[in-house]
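Trainee: Chains A and B, in that order, give the protein sequences.
Here the numbering used here is used: the first residue of the first sequence is 77, the next is one more, and so on.
Here the numbering used here is used: the first residue of the second sequence is 377, the next is one more, and so on.
If you're looking for bench data, these hints aren't it; they were derived computationally from the structure.
Any given hint might turn out to be false.
To be verified - Pairwise CB distance ranges (calculated):
1. N435/B x A78/A: 19 to 27 Å
2. F394/B x N153/A: 18 to 26 Å
3. L389/B x E158/A: 34 to 42 Å
As the list claims (entries may be wrong) - Heads up, simulated DSS-like pairs for lysine-lysine below, C-alpha to C-alpha not over 25 Å straight-line:
4. K444/B x K432/B
5. K133/A x K481/B
6. K481/B x K453/B
7. K481/B x K436/B
8. K133/A x K432/B
9. K453/B x K432/B
Think of the CB as a built atom: it goes at the ideal place given N, C-alpha and C, for glycine as much as any other residue.
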Amino acid sequence: KAGVTQTPRYLIKTRGQQVTLSCSPISGHRSVSWYQQTPGQGLQFLFEYFSETQRNKGNFPGRFSGRQFSNSRSEMNVSTLELGDSALYLCASSLEGLAGASYNEQFFGPGTRLTVL
Amino acid sequence: GNSVTQMEGPVTLSEEAFLTINCTYTATGYPSLFWYVQYPGEGLQLLLKATKADDKGSNKGFEATYRKETTSFHLEKGSVQVSDSAVYFCALKGGGSNYKLTFGKGTLLTVNP
Chain A
77 KAGVTQTPRY
87 LIKTRGQQVT
97 LSCSPISGHR
107 SVSWYQQTPG
117 QGLQFLFEYF
127 SETQRNKGNF
137 PGRFSGRQFS
147 NSRSEMNVST
157 LELGDSALYL
167 CASSLEGLAG
177 ASYNEQFFGP
187 GTRLTVL
Chain B
377 GNSVTQMEGP
387 VTLSEEAFLT
397 INCTYTATGY
407 PSLFWYVQYP
417 GEGLQLLLKA
427 TKADDKGSNK
437 GFEATYRKET
447 TSFHLEKGSV
457 QVSDSAVYFC
467 ALKGGGSNYK
477 LTFGKGTLLT
487 VNP
């Protein structure tokens, strides 16, 4: 079974631009989460989508948004880019089911490295 | 809110040495606990997990025990290898259908031959 895929793997943008990142979850997984990883702040939760609805949201400004499609693929968008948005953006998918032990795992993609100049 | 504190390192060991990376957490209810590993240039891989008190997660020689009384989930390995060099993250997931993971800052492990 294919893992979580993210495109593109690398992006270079300039301040003020906007960017869209894409994530394809593992087949059958309907929950998709996004995380930002930076050297200073570490790994921070952005948001989680399930069945095309945002179910959870982290503490990021409104410039960060996302969506999920009916096939569970997800995109996140960052508008008006700032230098501090340079980071590795990780997507993770999970198998939704009962809130039991087997369904607690999140499987991560390789990430998209965003550099803002 | 939930939080995870882990020793930040870096940790440098010789091959076959014993490894301990400390992790403590703060959470309400009954969280699940995880260790993830990140190799250079890659995403995160789940190393092991424990979903209730006294559970021991294990994988590839690594172990961690969910200690509710000390709110800890320390990672251990009896004999590390050069290939274990990576960044290790302790993480917590709250109960219910909430797939938000709260991570520690990560610990860089370097194993020398």
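Trainee: Are the Cα atoms of K481/B and K436/B separated by 25 Å or less?
Mentor: Distance of about 23 Å is within 25 Å: holds.
Trainee: Is K133/A within 25 Å of K432/B, Cα to Cα?
Mentor: This hinted pair is violated, its Cα atoms lying about 31 Å apart.
Trainee: Is it true that the CA of K444/B sits at most 25 Å from the CA of K432/B?
Mentor: 12 Å, holds
Trainee: Is 34 to 42 Å respected by the C-beta to C-beta distance linking L389/B and E158/A?
Mentor: Because 39 Å falls inside the window, the suggested range holds.
Trainee: Holds or violated: K133/A and K481/B, Cα atoms, limit 25 Å.
Mentor: 20 Å, holds
Trainee: Cβ-Cβ distance between F394/B and N153/A: within 18 to 26 Å?
Mentor: 46 Å, violated
Trainee: Between K453/B and K432/B, does the CA-CA distance stay at or below 25 Å?
Mentor: 13 Å, holds
Trainee: Would the pair K481/B and K453/B pass a check requiring their Cα atoms to be no farther apart than 25 Å?
Mentor: 20 Å, holds
Trainee: Quick one: are N435/B and A78/A within 19 to 27 Å, going by C-beta?
Mentor: About 22 Å separates the Cβ atoms of N435/B and A78/A, which means 19 to 27 Å holds.
In the structure shown, a violation is registered for the earlier hints numbered 2, 8, in ascending order.
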